[in-house]
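**Q** Single-letter residue listing:
2 protein chains.
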Amino acid sequence: MAGGAGTRFWPFSRQNFPKQFHDILGTGSTLIQQTAERFEGICPQENIYVVTSREYYDITREQLPFLTDDQILLEPGRRNTAPCIAYACFKIAKINPNANVVVAPADHIILKPEEFRRRLTLALDYSQNADVLVTLGITPTRPDTGYGYIQFDDSDDQEVKKVKTFTEKPNLEIAKMFISSGDYVWNGGIFIWSMPSILKALDNYLPEIADAFREAQPHFFTEGEKEALDIAYPRCRSISIDNGVMEKAENVYVVLCDIGWSDLGTWKSLHENSEKDEVNNVVSCYSMLYNVEDSILKMPKDKLVVVKDLKGYIIAEHDRVLMICPKEDEQLVKEFVAKAEEFGKHYI
Amino acid sequence: MAGGAGTRFWPFSRQNFPKQFHDILGTGSTLIQQTAERFEGICPQENIYVVTSREYYDITREQLPFLTDDQILLEPGRRNTAPCIAYACFKIAKINPNANVVVAPADHIILKPEEFRRRLTLALDYSQNADVLVTLGITPTRPDTGYGYIQFDDSDDQEVKKVKTFTEKPNLEIAKMFISSGDYVWNGGIFIWSMPSILKALDNYLPEIADAFREAQPHFFTEGEKEALDIAYPRCRSISIDNGVMEKAENVYVVLCDIGWSDLGTWKSLHENSEKDEVNNVVSCYSMLYNVEDSILKMPKDKLVVVKDLKGYIIAEHDRVLMICPKEDEQLVKEFVAKAEEFGKHYI
Chain D
0 MAGGAGTRFW PFSRQNFPKQ FHDILGTGST LIQQTAERFE GICPQENIYV
50 VTSREYYDIT REQLPFLTDD QILLEPGRRN TAPCIAYACF KIAKINPNAN
100 VVVAPADHII LKPEEFRRRL TLALDYSQNA DVLVTLGITP TRPDTGYGYI
150 QFDDSDDQEV KKVKTFTEKP NLEIAKMFIS SGDYVWNGGI FIWSMPSILK
200 ALDNYLPEIA DAFREAQPHF FTEGEKEALD IAYPRCRSIS IDNGVMEKAE
250 NVYVVLCDIG WSDLGTWKSL HENSEKDEVN NVVSCYSMLY NVEDSILKMP
300 KDKLVVVKDL KGYIIAEHDR VLMICPKEDE QLVKEFVAKA EEFGKHYI
Chain B
0 MAGGAGTRFW PFSRQNFPKQ FHDILGTGST LIQQTAERFE GICPQENIYV
50 VTSREYYDIT REQLPFLTDD QILLEPGRRN TAPCIAYACF KIAKINPNAN
100 VVVAPADHII LKPEEFRRRL TLALDYSQNA DVLVTLGITP TRPDTGYGYI
150 QFDDSDDQEV KKVKTFTEKP NLEIAKMFIS SGDYVWNGGI FIWSMPSILK
200 ALDNYLPEIA DAFREAQPHF FTEGEKEALD IAYPRCRSIS IDNGVMEKAE
250 NVYVVLCDIG WSDLGTWKSL HENSEKDEVN NVVSCYSMLY NVEDSILKMP
300 KDKLVVVKDL KGYIIAEHDR VLMICPKEDE QLVKEFVAKA EEFGKHYI
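As you go down the protein sequences, you meet chains D and B in turn.
Sequential numbering of the first sequence, starting at 0, is according to numbering that gives the first Met the number 0.
Sequential numbering of the second sequence, starting at 0, is according to numbering that gives the first Met the number 0.
Simulated from the structure, these hints should not be mistaken for laboratory data.
The structure presented is a predicted model; accordingly, all values stated were derived computationally and were not measured.
Mixed in with the good hints, there may be bad ones.
The list treats identical chains as one, so a pair stands whether inside a single copy or across any two.
Stated by the list, open to error - Taking lysine-lysine pairs in the DSSO-like style, the calculated list, with each CA pair at most 30 Å apart, reads:
1) 275 - 302
2) 175 - 275
3) 344 - 275
4) 275 - 307
5) 175 - 111
6) 302 - 326
7) 300 - 333
Using the sequences and the hints, build the whole thing.
**A** Rendered as structure tokens:
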């Protein structure tokens with residue numbers, strides 16, 4: 000899933016160049032490239048399908064040159080994850096109605112890919128012959144209020160746990176209770192299921208979406224695919240797979256993982272997941288820092304940035320936009336983007 | 000005089016593009032262009048001579064296209080203002096030994112050009128038939144410790160005053176005394192004299208510099224000029240015309256001026272001379288400012304800059320360098336430049 004155009008990393012992440020296409024940690028590969036690499040040994044490249052927005056076709060081809068046009072699924076609009084997943088599943092089902100499917104966001108990081116592959120293999124083994132929907136549950140390391148939580152049944156010693164409830168972003172008090180109870184994990188947004196299981200679940204819980212794509216399915220892998228999507232998408236409401244399916248289904252299981260996962264959803268999480276200097280700065284460019292601490296400099300690489308007397312700031316620049324903002328005010332970035340649009344579409 | 004490569008406005012002013020070639024106030028013309036325009040009606044364009052460094056030949060031609068190559072005097076090295084003025088005077092003397100000469104820095108601003116021309120005309124009238132060295136004295140508006148001061152004899156009502164002393168940058172206490180005494184003005188670095196007077200003064204007070212250029216003079220306006228300068232310049236010590244001549248000569252006069260002058264030598268003076276918003280910010284680009292006051296944003300014009308919670312800062316960017324520094328620390332900019340050179344010549 001690579002269709003998002005989140006604004007939280009603006010000005011770095013932009014409408015025409017969102018987060019998943021950035022080398023946001025400065026590691027040498029972009030988040031979508033890292034996501035693809037992560038499946039080496041699990042899924043051959045010819046079986047990787049990327050669902051994204053039509054406007055990101057060129058960047059996708061460029062960053063993942065092994066993809067054929069058949070493997071790049073272009074959504075005509077954004078309808079959250081359920082239609083995105085339905086499209087991909089109905090398309091893949093056309094050529095392999097018994098495929099084992101892994102759904103993964105293209106903009107997360109996983110610092111322990113070996114462990115990820117081990118846990119994923121377990122999930123695939125569990126799901127391939129059973130009518131179950133499996134998700135990866137991330138062992139929480141703090142009472143983060145930005146994530147969804149999954150409560151699991153810990154009554155037996157099975158490696159794959161039955162899910163009891165999904166909870167969206169809780170408040171801090173509840174998050175702390177979740178952590179101390181020991182039977183909650185973070186919802187990593189990574190799903191594993193067999194094709195029959197997910198199609199059945201879509202039919203059960205999101206029948207109008209399932210119908211829309213089932214009717215479009217005969218046109219997939221043909222020249223009529225684009226036109227069929229232009230009919231199917233407007234029929235779908237915008238809904239996440241979590242809300243639409245996972246929270247309602249009875250056959251949901253979770254594999255607990257400690258895989259160094261982050262959805263890199265905030266500047267704070269970027270700061271946490273990046274290498275820091277001795278005074279806690281994350282720096283992506285040439286820099287001369289005087290009395291600067293606990294800050295993020297996310298700048299073009301060849302830029303020299305001189306800063307004096309700033310603590311806890313985000314200094315971020317990309318393509319004609321510079322933002323200098325206290326880290327603790329990062330929730331304002333959404334407002335900034337809305338306002339920035341007044342200066343011109345190319346600033347957002 | 001347009002040879003300077005001052006570092007005080009770094010990163011805006013750069014080794015390969017110093018201050019005089021910038022439209023530093025955002026008025027639509029650069030400082031050297033404004034300086035040339037300022038002489039309209041006083042000096043025909045064919046009589047304007049620009050002394051600069053060889054590396055600025057191209058920018059000078061581009062910004063002042065009316066100049067012929069004979070009018071662009073290229074110094075092989077920097078030796079402060081005395082050799083610069085000696086070179087220009089000996090060159091002009093070759094074709095007009097009785098020229099009336101005005102010497103002016105190319106990087107100052109004068110907000111009242113009409114008044115400037117009136118006072119300059121007075122100085123020219125006074126100097127053209129007398130053996131005097133005239134300077135423009137700027138009516139001081141505050142006890143600035145960054146300027147030189149000229150004490151004048153106020154004992155008669157003459158419009159052109161006899162100079163008693165020159166004082167370089169005084170401390171604040173002394174500067175305050177100067178202002179309250181009423182017989183001190185700022186040294187604007189603009190000089191007016193007849194050719195015989197300046198050549199005589201150079202012979203008297205800087206004979207080795209006068210000799211160096213007198214020996215080079217036969218080659219001026221010929222193909223041998225460059226070679227002659229390569230011999231003359233190393234013979235000259237680095238010395239200002241103020242130290243070398245004006246402070247020593249007995250025949251120095253000053254014309255008091257209230258012409259809206261600034262040497263734009265500091266970010267503070269740039270701030271003072273620029274249009275400000277209602278909370279005292281000077282902004283040269285698209286901006287969204289939240290709780291930002293008393294700051295300077297000197298950025299590329301098409302840039303959108305979002306800033307939150309900064310007061311009294313300089314935010315300046317030019318060609319791959321961004322500086323974010325409290326205004327009160329602007330004296331550190333020299334250190335920044337020295338350090339920046341370690342990252343590469345193109346950053347300074």
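**Q** Which numbered hints are broken by the structure, listed smallest first?
**A** none
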